[in-house]
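J.: Spelled out, the chains give:
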Amino acid sequence: MVLAAGTGADVLRAVLQGTPPGAVYALVALGFVLTYKTSGVFNLAFGAQAFVSAAMYFQARVEWGWSTVPALVLAVFVLAPLIGLLMERLIFRHLRTASAVSKLVVAIGLSVALPSLFETLTGFSGVAGKTPGGLVPDGANVFYDPLGVYPFSRDELVALGVAVVAMLGLGALFRFTSLGLAMRAVVESPRMTELAGIDSDRVSSVAWMLSSFFAGMAGVLIAPRFNTLMAPDFFHLVVVAIAAAAIGRLVSLPRALLGGLGLGIFIALFRTFLPRWSVDLPWLEPFQDNLTPSMPFVVLFGVLVLWPAIRRSPAAADPLSGVDPPPLSLVSTTRSKVLTRAARVFGVCFLLLVGLTVWFRGDVVWVHLVTQATIMSLIFLSVTIITGLAGQISLCQGTFAAIGALTVFQLADRWDVSVLVAALVGAVIAAVVGALLSIPVLRLGGIWLAIATLAFAFFFDAVMLKFSWVGGGDSSLLQGHRVPRPVLGPWDFADDRRFLVLVVVVFTVVSVLVIRIREGTTGLTLRGLRGSELAAESIGVSPARARMVAFALSAAIAGLGGGLLAIHQENVNYGNNFTPTAALFWVVLVVTLSARTVEGAAQAGAAFSLFNAVILQGAGLAWITRGHLPGFFPLSPKWRFVLFGLASIQFARHPEGLVEHGKRRATVGIDTRLAARRERASSQDANGGEGP
Amino acid sequence: MTTLFEATGVRKSFSGIRALEDVSLRVEAGERVGLIGPNGAGKTTFFNCVLGMLRPDAGRVLLDGQDIGGLPVHRRARRGIGRTFQRIELFADMTVREHLLLADRIRRGEGSLLRDLFGRGGSDADERRRCDEVLELLGLGDLAADPVEALSLGQGRLVEVGRALMTEPRLLLADEPSSGLDREETDALAATLREVQGDRGFAVLLVEHDVELVASFTERTYVLDFGHLIAEGPTAEVMADKRVRQAYFGDVEVGSGS
Amino acid sequence: MTPALELRAVEAGYGPFRALFGVTLSVPTGGAVALLGANGAGKTTVARVASGLLVPSSGSVHVDGRDLTGERTFRYARAGVAHAPEGRSVFATFTVEENLTLSFQRLLGSEGLNDGLERAYSIFPRLGERRRQVAGTLSGGEQRMLSMARVLVEAPPVLVADELSLGLAPIVTDEIYATLEAIRASGTAMLIVEQHVGHALALCEHVVLLDKGTVAWEGPADDAADVVVSRLFEKSGG
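Residue numbers (my numbering), protein chains in the order written: chain A, 1 to 692; chain B, 693 to 950; chain C, 951 to 1188.
Where hints are given, some of them may not hold.
[What the hints assert, rightly or not] To give an idea of the chain B side of the interface with chain C (calculated C-beta under 10 Å), a few residues:
| hint | residue |
| --- | --- |
| 1 | Leu845 |
| 2 | Ser871 |
| 3 | Gly872 |
| 4 | Arg912 |
[Unchecked claim] Calculated from the model, a selection of chain C residues having no Cβ within reach of chain B, i.e. all distances over 12 Å:
| hint | residue |
| --- | --- |
| 5 | Pro953 |
| 6 | Leu1018 |
| 7 | Tyr1071 |
| 8 | Ser1072 |
| 9 | Gly1078 |
| 10 | Glu1155 |
Worth flagging that the hints you see were computed from the coordinates, not collected in a lab. Don't be surprised by glycine CBs; every beta carbon is placed ideally from N, CA and C.
Pulled out of the complex, with its shape left as it was, chain A reads as follows:
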């Protein structure tokens, strides 16, 4: 152990270095707790809001040449609270009685939609290498070294100063004003606050504006640390803030503040000492190289899994768990048999028609799209298992799929294993990873589970992927992740149409298995657990085991799908296919349509692949109008994210999923019409009977 005289100074330096970002984390964490407690929304969109304010500031300051003060006023004092107010008034206020998980899904949707909307409306785009400016000129360059230990840049000092002022202001607001008192009261209990004659909704609006203001402020303050203004960097900000808020169990404002500061310092310490340790301990080296950028996620995952307070009281951490309205039964269980059969026949005919059209008339692009849609549907069946059947929101399905894809690549690349065998091996590996992950994570309930899986996804993305035995390391950068198409006896699946048939067969088999699982003991057990964990335990169901099975199954399906996707594209394409953000998109898409049925997964798959071509590029319209197409296509792909954000709001209105909602409406409509006709018929009979 080297305890040189320098160590103490290094610790001090790291503490000083970690304080300014820690203060910014604390700001966001405070806002996070404030909105969560006053409105029950786990606002993952804070990162997006911070980005929008930072981008607005940059736009006004640099592009439009405004001076600092008006640009700051516009970005932080006007735009940020306005966005908060609009989110609360237009969206979350109407979701008051929605489940915590639906609100989470909406927040995820907004976190994707907001930056895209902003970029589309203002024409903003992040330019690499163009460092966003801070609040003071020459912020990055001028250093102050008051203690002779750590040279602060001017930006850091400004960040620290502003954060301290903001926190003091918040403290004064809470302690000395009636509004602050009311806000603290709503944080503790909205109902009791109402009993004192205070409109808790209005207080909650103000809390949203205030916390959004904090988010915007944090965005502008932290922007100079980044090389380019990009939304994902700001997502990291909210991730640390969640970890800080989790330390205070989402209820305590002071602890969230300390948590933010503490995490800032912890990250700085880690960055100081890890390189040193890895000199002595070479096995640490890959971690040292890769852990640094993903510290927020590691910290979040660690806090969630290790911090005892969260585990001890999942109910306290998620006050809305348990009041979620129970899901309705599937339409297919309540509607008449005839109608079900008719619907099935129609569905099969429709699929046949599509299949034949693509087979005979489709060009390369369409065959490609339909194949992709089928594989995505297969991957989405994993959501059907974990969310639709087991009732858990997992946000790391992309990682499981990536594990499948990378296994195929590794086995094929290194040992020349047949890709189809490799895909099955990938499914098994994904299942094992899923089962292992479920052990620490499943003790967390509801929303924490979702957040922990998200943290895992980012951790895999930033750390594991860099290992040569996982992501292929540097060699893959040179050669790419080449994956061959399989040859099975006489059939060579290099032919796209044949491969499509293979994929459809696999999808059909897995669909049948999923339906069998749903209707068998495993499905009964999981549905029972979702319906009431208490009651399931009371008849002897072991929740941990059942959920581990669900996680493993779901991971296996995702892994298989990921492997097929890699084979289809003849490349892993991790960045395009499997990033955590892309996978967020999957989950929201599936639950928005329908997480509980196979056809829901199929429709989500179709929507995912065909949406781009049909809607955004107007391919469908072009085909119909034979080229006489007005010139506004293709639309900017950013609109996809905006539309997607709007769709997620629909989800919260119909938590059973749009497909299921539509089916229910149609079934009820048909039933009433049939009943009316029967009644009319019988009354005519009666009339006829009275006749001569």
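Dock chains B and C against the given chain A, drawing on the hints supplied.
T.: Relative to chain A, chains B and C alone:
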């Protein structure tokens, strides 16, 4: 005859406040026992200690003379403790029969993922017969294929009872089964429960606030107040006890008029 | 004369769980009604409906003749209904003084605030001694005093008090009922929800007996004693 269930010296406190103080309770095989007490007396806490949702600070919980205090909830269930819920807990989106089927499968340890994957996860005739027998007994025969959200609260309670019965419990813990039911429904439930209990011979520990139901259903009764057992004995005697009335209704001078 | 508080044919419950089946009752201006019944009869649910915490699934709630059915809770408070909920209903992280301030601010304005605080401390001197203490660390009785002080300092037109004696030592209960007498003398209409019969009968002139979510009996408090005995005790076989 050996004692089926016994709790001795159970003690539990929450952040310094004593919720249970040395509570001992015993249920013989096939016996109907009541546990009553005013709001906040500790009934629910005791219940949760028996079921394994809470760990008592001191005291032992015995089933067949074996200490089950360390077992998790689902293991206790498999040992033969069934329960119903005060705020009804059914599996939304499952039919009535599926509720029973699941309980049956869990008890027998039947059904595996592999069987499901081979398409043999559905119910066979034997299983259906067993479920329908219990449903007939409860008067739910016509509702077997209905989803549970179509049921009334009273019927839902019976489904809970049926689900618990499929685990072949030797002790059924009924948590305020009359809550949310009106007088008529309560009477109907009590009648069915007694019939089934006579038929199957399991023991019942009834936690109830409806004094009338306790009086008509149970043979012996325990009374909790402020975490202490203040009375126990044959139900009729306990009900006549002055201390019990005081605990329930306060110092009523009018009590002398009775 | 319009009653201060009136519930008409109220049905209410929690989700699929029904607690009240058509409850009608009214509290005349300046009158005091005791709501009695066994555990689980629905008394607390009535109190919650009366102060707007729970929206009835059918029926209506009128405060001073105004139909407030379906309005938000704070409207009830502004219409003059003060609710002392069961349990330890104080803001646990607030100091005693902050708890009181939150309630008085809207009622008394900033100029009347100090006066209100002083009056609260004169009614409950123990609260005055602990004014800087965080409410969560008070004893059960002190917390109950605090929640009473929040509603009692400026006598409200209507008071809904839910199980005031629950879990309190008899001497504290006596103290609180003495305060209620004083408030009643100043003209506040009261709906007193109680499990302990003695105090309630002494304070109120009218009694409503609840059984399984319906009104089983109602009448003057003088006649109530015998009825209560027969309803709550005799049926149980004692």
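J.: Against each hint, give a clear statement of whether it holds in the structure.
T.: Status of the hints after comparison with the structure:
no., hint, verdict
1, Leu845, "holds, 7 Å"
2, Ser871, "holds, 5 Å"
3, Gly872, "holds, 5 Å"
4, Arg912, "violated, 14 Å"
5, Pro953, "holds, 27 Å"
6, Leu1018, "holds, 26 Å"
7, Tyr1071, "holds, 27 Å"
8, Ser1072, "holds, 29 Å"
9, Gly1078, "holds, 25 Å"
10, Glu1155, "holds, 16 Å"
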